[in-house]
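Visitor: Here's the letter readout for the chains.
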Amino acid sequence: MPIESKDVVWVEEPTIGFWEASFLPAIVAGLKTTISHVTNYKSVTQQYPEEQPELPLHYRGLHRLNKDDQGRVKCVACFMCSTACPAHCIDIVAQDTPAEWSDRDKMPNTFVIDELRCIYCGMCEEACPCDAIELTHIYDHTGLTRDDMRFDKEKLLDVFEKTKNDPKDPVRTHRGRLGVASDFIELPTLAPATSVANNDRAAQAVTAGVIKR
Amino acid sequence: MATVYVNDQPVTIGDSERLNCIQAAARSKVDIPHYCWHPQLSVVASCRMCLVEVGDKKPDGTVAMQPKVVPGCQTPVKDGTVIVTSSQKVRDAQKATLEYLLLNHPLDCPVCDQAGECGLQDYSYKYGRGYSRLQEPKNIKPDKDHIGDQITLFTDRCIMCTRCVRFTREVSGTAEMQVVSRGSIEEIDIFPGIPCNNKLAGNVVDLCPVGALCSKDFLYEQRVWFLQNTKSVCPGCNTGCSINVDQNKDVLYRLKPRVNEQAQGHFMCDEGRFGWKYIHAENRLTTPELRQNGVPTSRNWDVVLPTLRKSLEEKVATNPKGVAAVISPWATVEEAYLLASFLKSLSADITLAIGPVRTVGEDDHYPKDVHGQPASKVRFTIRAEKAPNRAGVSKILEHFQGSVVPHSDVISKAKSGSVETIYVLGGDPEPSWTNDDISALKTVKLLVAQDLLASHLTQAASVVLAGSSFAEKDGTYINHAGLAQGIRRAIHGPDDARPDGRILWDLAGRKGLFHAGNLRKEIAQKIPTLSSLICGDIGDLGVMTNQPDGVAAT
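These protein sequence lines map, in sequence, to chains A and B. Under the numbering used here, think of the first position of the first sequence as 71, with each following residue one higher. Under the numbering used here, think of the first position of the second sequence as 904, with each following residue one higher.
So here's chain B without its partners, still in its complex pose (with noise of 0.2 Å):
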């Protein structure tokens, strides 16, 4: 075991661990500043902010200081390396350092989206100074809205840190960006006609630590100090990135990555990034419904609600066989483990399929090489999967009927006339049943759709529900990997929407108010695949389930 000294504090670091002066600072919360330098990508050590006194502890107890200041981003450290953050000598590089890099900082911060998580603003309250010394014109760029269709970069507000061209350089491998010059001309730019648009290209505008590159979806949309986050779960694909979901007054702005390293890392798609539109979405159902015919008879939850309940339990004392659920893969662990265990309380002989999972394309991996093929080191996926809780779903219809039925085999049976009742639980904001399935879903005598967006399907049925989506309701998904990862409630759905898990805890006629932490702590006691659950607040992280004891991530 190596020991570390940041600041005189004793910090002990793992044999195999090979760590930066950064990060051993920080394991003692020493918070050394940094621009350049990121935990996933390579060290360049050029923007000088990190720069600490560094020594060694000799075996006598002397300590011998290198005489000069030097990176902390770029000096390893070793058993008895001694690192100062807080001397005068450090505080005055510091200084020298903002004050260089600000030489030709347009200080537009009020028109600039990133004031209030800048990092020069940060670092100039805590280490800065409070004027500047130059006497002469700013160096001003023009700025450049070709860097990408949803980038546009603002090129006097940038401090040359190269974390976007390293990023595109070395995480996506498609290296469009570039630093063009040198000197005090030095720009970044992107190669001429080939801009930024690879599926990962969003990822620069977050690792930018200055408001040099913006996106260009959430420009001047709102100030971030407005914002408040919410820790959830990206649902776009199986691979179930952390994300903060970022609302104010009910109206989501936008999602950004929130580092596990269990679930992906610190990126996200711009897929994900910028596919949440359909919540605010002109179809969204806002209403329940309850139709005869084609004609609404009451759009009052404390109508449709027990009159559904009445007409399914009617339906299942007469032809239990006739009665099928479809949960789809978008639906949450707790609103699966609901549906299932309502309908299975009513006859053991309902069918529970799941629903369609739709897929596009094949697994993506990143980094690319130049001939577009993925590199031997996988640094992240986008699935090909587009549905969030295959898995979870999956687990609940294996413990509730033993198998997992496809939701192909409920379409041939209504299809042949066996089936006269189907409860679809959907939640996938693509239309993911054809034409033929819709077709075959008409013929059903009772066809009870639980939903976001206005579609064929719920046209069809006799009875809708407004649903809500992944950023307006508690639950669990669960990732390809068996990451169970809790999503949370950040804005209230439109008009009369409500959360699935209410409506499915209210039809299950169930005492009390739906509440995830519990409900999981319900599930988990019921069924073994799913124990590691058991805690109820899955964290911020989630919990493997196939672990059998279920170890919280760390």
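Chain A on its own, in the form it takes in the complex (with noise of 0.2 Å):
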């Protein structure tokens, strides 16, 4: 619908003033604000590194290789982080466990984390059977190299002792072996090897061991 005449309203340019022609109040205004940022300064944004970030708990840094309560590496190179892996940056070579370990059979030879690869996803803490991975709250890990962000086991081991006291980064259970008969007896039991809640799934299957008709 074309805008009718009478719909019109006409309406004339208000005219200038000496002292607004000059633009001097304007240039005088604009400085104002400018020297009041330079007298009293307030910070927007925060004046890292002076400030140190204050992080979430659930914060994933650098990773950890945690240490059982004799000292050696909690570890069994299952190879489960390395497969939940996303970004490929987890390389383990396996070995034997020595002969003085008998409640355990396998340990990494080598674990070798990129962290330059590393998308800091946690996949592989979740994939941990034994709570042995878990990423840490240290981002600021530096190197000059792509070796020095090699992480090896040496290095992750380096990163428990540095941590382990820290409250933000507590080591999250003391478990670490395998299989829910080994720890028996120290342990509560865990759901769901050894008990399941009333309202899980599982536990409305069929009792076994009864078959019915």
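Because the hints were derived from the structure by calculation, they are not lab data. Treat the hints loosely; a few may be bogus.
Listed next, the in silico DSS-like pairs over lysine-lysine satisfying Cα-Cα at most 27 Å (straight line) [claimed, not checked]:
#, chain 1, residue 1, chain 2, residue 2
1, B, Lys1152, A, Lys223
2, A, Lys223, B, Lys1119
3, B, Lys1134, B, Lys1180
To spell it out: a stretch of chain A is covered by chain B in this simulated footprint if at least three of its residues, at any positions, have a beta carbon under 8 Å from a beta carbon of chain B; those stretches are [to be verified]:
#, segment
4, 136-148
5, 154-167
C-beta: ideal position from N, C-alpha, C; glycine also.
With the hints as a guide, bring both chains together as one complex.
Guide: Below, the structure is given as structure tokens:
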């Protein structure tokens, strides 16, 4: 629908006075803002590195390899982390345990994480069946070469030593042994391997051993 | 013709066939879970995993089911047998059996080598329950690494299916393994001081449906889900066992037997199973080498091959009778054909000989009786002839020059000086030439060695071509019975080594790329005795070359 002429209002452009035409009031007002930023500074962004960030508890930073209560590497070289890793940054070579480790069959010979390739998704931590690999709050690890950023077993165990007493990076469990049978006596039973909550879908299954009909 | 009903589906069975419920159900693609039953071993029905409902269809159409579930492996089928594998009763039985089998199983899947190809994992996922109700500590038994030189036993993972015991009693006949004690303390063990080291011992690891028996060679080397298999053929002897080549990132980790009734059956020997280590050996040839007076002048394929072709052509032009080629029985049919057809196209006077065929002892038949003598019914043979393709190379040579010349003829001609150019197409990882042969070969003017490993032969040669092992090339091997089977490329060769077929293809100056299937078709058209290769792709099980119409093996 075309606009009718009675709906159109014609407005005159306001005339500019002398001071306004000189632009001086506008320049002074601008300078006032600029000078107030210099004299009365308030920061908007976080002042890293002078001010360290408050990281949330679930922050995922540098990995560590946990040790068990005897100081041995907790990892059993099951390759679950490297299988789960979407960036293929974990390289493990497994070996037999020394004869005196009667409770364990397998351990890592080498364990290398390429921290440059890693995307810090935390899948390795999720996949680990014995809580051996955990992501810490360390986010500012750097290196001068790519090789520096390839963290091997010794470096990752050092990270554990550095962070184990940090309240932000608690060692989540003290299990680290495979199979429920091995630590059944000391530990409470864990679901769903040994006990199942009543609302667990698995518990609704037909009772084994009873053949109906 | 008998008709069996598996879950209401009729299955027709031949009159002379004697099948159990598991085999009959497999005909209609129904999988009855089983641990202790194996098609090559006797039936013990001890694991109880294959419990099914079985009944009989009467002539009047009514069905009478047996009141209890019965083990499918032990129940033969006949006309009118009704097998039900999907009823609630059967599912409950499977679930209860699995719970029982898992009672004392340590559930250490993360460190177990079998994880990923484990019968317990697969069936637990399909038929089992999600959790264990055991409230007591598990019955954990100590591991035994003294079972054999290549075998270790994780006793706590064992489900006592006794496949390994039956294998050593029935197939190898050596009977080293046994069940010790009964009830909750029963264990697999060897007789004291007599380890399971027979030549078929490695098969008990494959037979073990769980991770109890593990191969020391493969232990903790790699998780099986990283491995990629390629269907191939073991080159260790003339039997030509069908195998799977398992590799990851161009590193070979193990060989496993593959079922092929025409080749060897279900098993393979330890010689073949562990005999592939030369593939990753230090002394593999990694580059070609052109030498002048023993000093290398070029290591570039683009220089070596044209130069070699030119000098071969020159030698043939001046004295064709002075040129000879020795084709090893380790060469594939395609390689032998490429070299023979190339040289014969230069001149018909060139001598083609078959390389040394390494023979160790006599054919070793299994099972053995208590005196170590082979029993009347042979179930497995390790052949004395340690070369995979004598039959194939012989057929090629017969076609091109009418007879198979032994390599000793070429050696004696080299000694007398009437042969001055010798092309050796090798491939045998063991030294098969005698020192006398080598010193005779050293005297010739142009010695070309196409081989796998550095040896006295390659040191003496003036042209060295870095070839490849059976796992690095495509081709065809023909075994003692005339069965032609395809080998397939599983890994890349080291550095600049090339598949032998490609080297010979380029040397012959053919257009395009080497392709084993297309070459098989060409060979079948040219050579009547190999006409059964006409299909090009000879499948996983191979074709018999002795049959005139080339029926594909089924």
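Visitor: Hint by hint, note whether the structure agrees.
Guide: Tested hints:
no. : hint                  : verdict
1   : B/Lys1152 x A/Lys223  : holds, 23 Å
2   : A/Lys223 x B/Lys1119  : holds, 25 Å
3   : B/Lys1134 x B/Lys1180 : holds, 18 Å
4   : 136-148               : holds (count 3)
5   : 154-167               : holds (count 3)
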